[in-house]
Amino acid sequence: MMRPRFILFIALGGSLLWSGCDQGPHVVSRTQYLMGTLVTVTLVAPSEEEAAAAFEDAFQELRRLDQMLTTFDSGSEVNRVNAAAGKRPVPVSPELIAVMEEALAVARLTEGAFDPTVGPLTALWGFEQAEPAVPAESAITAARRLVNYRDVILDRAKGTIFLKRAGMRLDLGGIGKGYAAARVAHLLRERGFPGGIVAAAGDLQIFGRKGDRPWRIGIQHPRDRNRLLGSLMATDQAISTSGDYERYFERGGQRYHHLLDPKTGRPARDCQSVTVVTAEGSRADALATGLFVLGPERAKALLRRLPGVEAILMDAQGKAWVTPGLEGAIEGFAP
Amino acid sequence: MPSPVESPGDASALSRETLVPLAALTAIAVVVHSAEQILPAPLPGVRLGLANILTLCALDLFGLRAALILTVNRVLLGSLLSGTFLGPAFLLSGAGGIASVLAMGLLYQIRTPGGRRPFSLVGLSLTGAFVHNLAQLSVVHLLFVRHPEVFFLLPLMAGAAAATGLFNGLVALPLAAHLRLLLAKPVGS
Amino acid sequence: MSIRQTLKLTTGGDLVLLLAMVALTVGGLWSLGWSSPHGALAVIEVEGSPREHLSLRVDRVLSIHTERGTNIVEIRDGRIRMVDASCPNRVCVTQGWIRHRWEEIVCLPHRVTIRIRGLEEEYDAITR
Chain A
1 MMRPRFILFI
11 ALGGSLLWSG
21 CDQGPHVVSR
31 TQYLMGTLVT
41 VTLVAPSEEE
51 AAAAFEDAFQ
61 ELRRLDQMLT
71 TFDSGSEVNR
81 VNAAAGKRPV
91 PVSPELIAVM
101 EEALAVARLT
111 EGAFDPTVGP
121 LTALWGFEQA
131 EPAVPAESAI
141 TAARRLVNYR
151 DVILDRAKGT
161 IFLKRAGMRL
171 DLGGIGKGYA
181 AARVAHLLRE
191 RGFPGGIVAA
201 AGDLQIFGRK
211 GDRPWRIGIQ
221 HPRDRNRLLG
231 SLMATDQAIS
241 TSGDYERYFE
251 RGGQRYHHLL
261 DPKTGRPARD
271 CQSVTVVTAE
281 GSRADALATG
291 LFVLGPERAK
301 ALLRRLPGVE
311 AILMDAQGKA
321 WVTPGLEGAI
331 EGFAP
Chain B
1 MPSPVESPGD
11 ASALSRETLV
21 PLAALTAIAV
31 VVHSAEQILP
41 APLPGVRLGL
51 ANILTLCALD
61 LFGLRAALIL
71 TVNRVLLGSL
81 LSGTFLGPAF
91 LLSGAGGIAS
101 VLAMGLLYQI
111 RTPGGRRPFS
121 LVGLSLTGAF
131 VHNLAQLSVV
141 HLLFVRHPEV
151 FFLLPLMAGA
161 AAATGLFNGL
171 VALPLAAHLR
181 LLLAKPVGS
Chain C
1 MSIRQTLKLT
11 TGGDLVLLLA
21 MVALTVGGLW
31 SLGWSSPHGA
41 LAVIEVEGSP
51 REHLSLRVDR
61 VLSIHTERGT
71 NIVEIRDGRI
81 RMVDASCPNR
91 VCVTQGWIRH
101 RWEEIVCLPH
111 RVTIRIRGLE
121 EEYDAITR
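Residue numbers (our numbering), protein chains in the order written: chain A, 1 to 335; chain B, 1 to 189; chain C, 1 to 128.
Where hints are given, some of them may not hold.
Derived SDA-like pairs: lysine to any residue, alpha-carbon spacing no greater than 25 angstroms straight-line [to be verified]:
id, chain 1, residue 1, chain 2, residue 2
1, C, Lys8, B, Gly114
2, C, Lys8, B, Phe85
3, C, Lys8, B, Ala89
4, C, Lys8, B, Ser82
5, A, Lys263, A, Ala279
6, C, Lys8, B, Thr112
7, C, Lys8, B, Gly63
8, A, Lys319, A, Phe249
9, C, Lys8, B, Leu61
Output of the computed footprint for chain C on chain B, the stretches with three or more beta carbons under 8 angstroms from beta carbons of chain C [to be verified]:
id, segment
10, 24-36
11, 79-86
12, 112-119
Calculated directly from the structure, the hints in this document are not laboratory data.
All of these numbers come straight from a predicted model, not from anything done at the bench.
Every residue, glycine too, gets a C-beta built ideally from N, C-alpha and C.
Next up, chain A with everything else stripped away, as it sits in the complex (with noise of 0.2 angstroms):
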C-alpha cells in the first residue's frame, strides 16, 4: 500500500490542526475588486496568520491608492485637481506629486503617446459606462485639444499641480495600478516576505522567488483567448500588458479599445499588444500604453535607446518582436 505523502499534504493544508508545514515554499493568495479590476496579491509566507495580516495591510493601501488616484469620485486627489483646472494650481500629496513626475518623464519619453492629461478624452469615450459609443467628430476634435501633457504645472517646491486651461482633466489610468502594484510589492518586501506578486490586472509587481525558484508568468495572446504568447520568468521586475482586447466595444463591424491615442483622440490601431518587463511598476505600466500607442516603428526605435526596458510587440498584422534582451527568455513563445 502506498502512503501517499501528497494526500496527508492536502489534508494538512485544508486543516488548521497542522500549520507549520516545511515542505516547499508557502505560497497564498487573495483576490479583491479594487481599482475597477480584480487584484490579486500573491505571497510566499511562512504561515496563514502572517500572510493574513500581510493581505490585509495590502488591500488597505490599494483602497487608500485608489482613492487618491481615481477619477470616478469628485473628492480624489486627481479630482480635485482636474476641478481646479484653468483656475488654481491645487496642493496635492508628496505621493501624486511624485506618481505625476513619472508620469510627465514617461509623457516626454513617448512624445505624448502616453499622457496623463488624457481625461477628457476617456471621459467621452466612456468605456467605463454601459452602453458607450462613437463621439461626434467635432466633440474627438474638441476634446483633443485639451490632451496635452505640456500644459500641466508641476512645483515641487510648493507641492503643487496645475492645470493651466480650463476642461483639462488628468486621466492616471495608464500609470495608477503600476504604481499600485509597485508600491504594495515594496510595502510586503519591507516586511520581510522572501516573495511574491501584486497583479492589479495585467499590471504586474514581482519580487524575490517562489522558494527555489523564479516566478512564472504568463502572457495573453492578443487575438486568441485560449491561448498564451509564452512565458517568462521573473523575479525582482514589474510587467505590463497593454492590450486592444481587454475593454473595447463593438459599432458598425469596429472594434473600438480603451487605449486612445492623444493625436488622433481615437483608439490606436498599430499594435495588437505591447508588454513591457522593466523594474518599475509605473514605468511598466504608462510604457506599455505609450508604446501602444506609437506603434511598432517608433516603439522599437525607442526601445533601443532605452536601457532596462524590455518589451514584446504584436504589431497589427499579429507579428511579434522582441528586444533583444528578451531573446530566448521566452518560454514556448506561439506568436
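Since the structure of chain A is provided, determine the placement of chains B and C on it from the hints.
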C-alpha cells in the same frame, strides 16, 4: 476466562500456536512500517506499504481476525512510536489499514464453484492497496478538504496501488507459503 | 521459491484485477485531462472568495446569485462559459468558453470570476 488452548471452531480467542507467530508478525510489521516512514519514498508521495506483506501473511495463515488484530496493533504502536497518535496521520493510517484488511478478508472468503480461490495473495494485495488509498481519500474528503477535487487523485492512486500492490503480493505469496511450511514443523525439529 | 514458481501460484483473477486497475489509471488520467493542459475544475469566486467548485467533466448550467446581480454559467465538453448575466455590458458573456488553467472570465460589475484550477498551478500570474 479464555482457555489457554483454543478449541477448534472457537473464534473468541486465538490459540497459542497462532498468538506467538502473530505477535512476531505484528512486531515486524511495526518495524517495517516505521522504517518506511524514515526511508525516502521510491517516488514522491508514494510508499510501498511493505507492512501489508505481513498483514497478507497473517491473513493467509491465521485468517481475517488475526490480520485485523495485526493491523490495529500496527497502527496503534506505529503512531505511538512516531508520535502521531490521534493526529490526522493516525486517522488516515487507521482508516486505510482497517478498510484494506476488511476488503482483503472478504475477497479471501470467495470460492469458485469448484472450491478454489479465484484470487491469490497477489490479487488480495492489489485490492488492499487500492482500498487503502480509497479509504484515505474518503477520510481526507470527509474530514479535511470538502472539495470533490481530492477525487481527481483517484486514477493516480489506482496506478500507484497497482504497482505497490503487485510488488507486495509477489513478496507475500512465497513468504506465506514458506512460513506455512515452517509453522507446520514441530518445534525443535 | 523462484519467481517462476511464485507466478504459478497467481491466478487469472489476479491478472484481471491488475488489468482493471491499470485501465482505471489510464482511463481516469485521460478523462480527467491530465494528459492535456486543460484544467479539471472551475472555481467560481464572488468578491474574491470561492463560491463554487465545479468539475469540468460534468455538463451543467448554474445560476450564481450575488447582491449585485445574477450570472448564469454553463459547463459543456470540458469547457465553461458565462451564458448570461444581468450586468449592463455583458463583457463576461462575450468572453466565450475557457478551459485552460490560466484562463479566467471576469464579470467586473457583479464581481464574479471564473477560474480554472488543476491540481497544480502552471503559472504564478498572467499579464494581460
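Do the hints match the structure? See the list:
1. Proximity of lysine 8 of chain C to glycine 114 of chain B is assessed by CA-CA distance (about 19 angstroms); at most 25 angstroms being required, the pair is judged to hold.
2. Between lysine 8 of chain C and phenylalanine 85 of chain B, the direct Cα distance comes to roughly 41 angstroms. Violation of the 25 angstroms bound is thereby established for this hinted pair.
3. With a C-alpha separation of about 38 angstroms, the suggested pairing of lysine 8 of chain C with alanine 89 of chain B is violated against the 25 angstroms cut-off.
4. The suggested pairing of lysine 8 of chain C with serine 82 of chain B is violated, with an alpha-carbon distance near 39 angstroms, which exceeds 25 angstroms.
5. For the suggested pair lysine 263 of chain A and alanine 279 of chain A, the alpha carbons sit about 29 angstroms apart, so the restraint of at most 25 angstroms is broken.
6. Restraint check for lysine 8 of chain C and threonine 112 of chain B: the C-alpha separation of about 18 angstroms stays at or below 25 angstroms, so the hint holds.
7. Between lysine 8 of chain C and glycine 63 of chain B the alpha-carbon distance is near 23 angstroms, which keeps this suggested pair within the 25 angstroms criterion.
8. Between lysine 319 of chain A and phenylalanine 249 of chain A the CA atoms are separated by roughly 24 angstroms; this keeps the pair inside 25 angstroms, and the hint holds.
9. For the suggested pair lysine 8 of chain C and leucine 61 of chain B, the alpha carbons sit about 19 angstroms apart, so the restraint of at most 25 angstroms is met.
10. Only when three residues or more bring their CB closer than 8 angstroms to a CB of chain C does the claim for the segment 24-36 of chain B stand; here the count is 0, and the claim is violated.
11. Counting residues of the segment 79-86 of chain B whose CB falls under 8 angstroms from any CB of chain C gives 0; the rule of at least 3 is not met.
12. Three residues within the 8 angstroms Cβ limit are the bar, and the segment 112-119 of chain B against chain C gives 3, so the coverage statement holds.
Hint violations for this structure: numbers 2, 3, 4, 5, 10, 11, all remaining hints satisfied.
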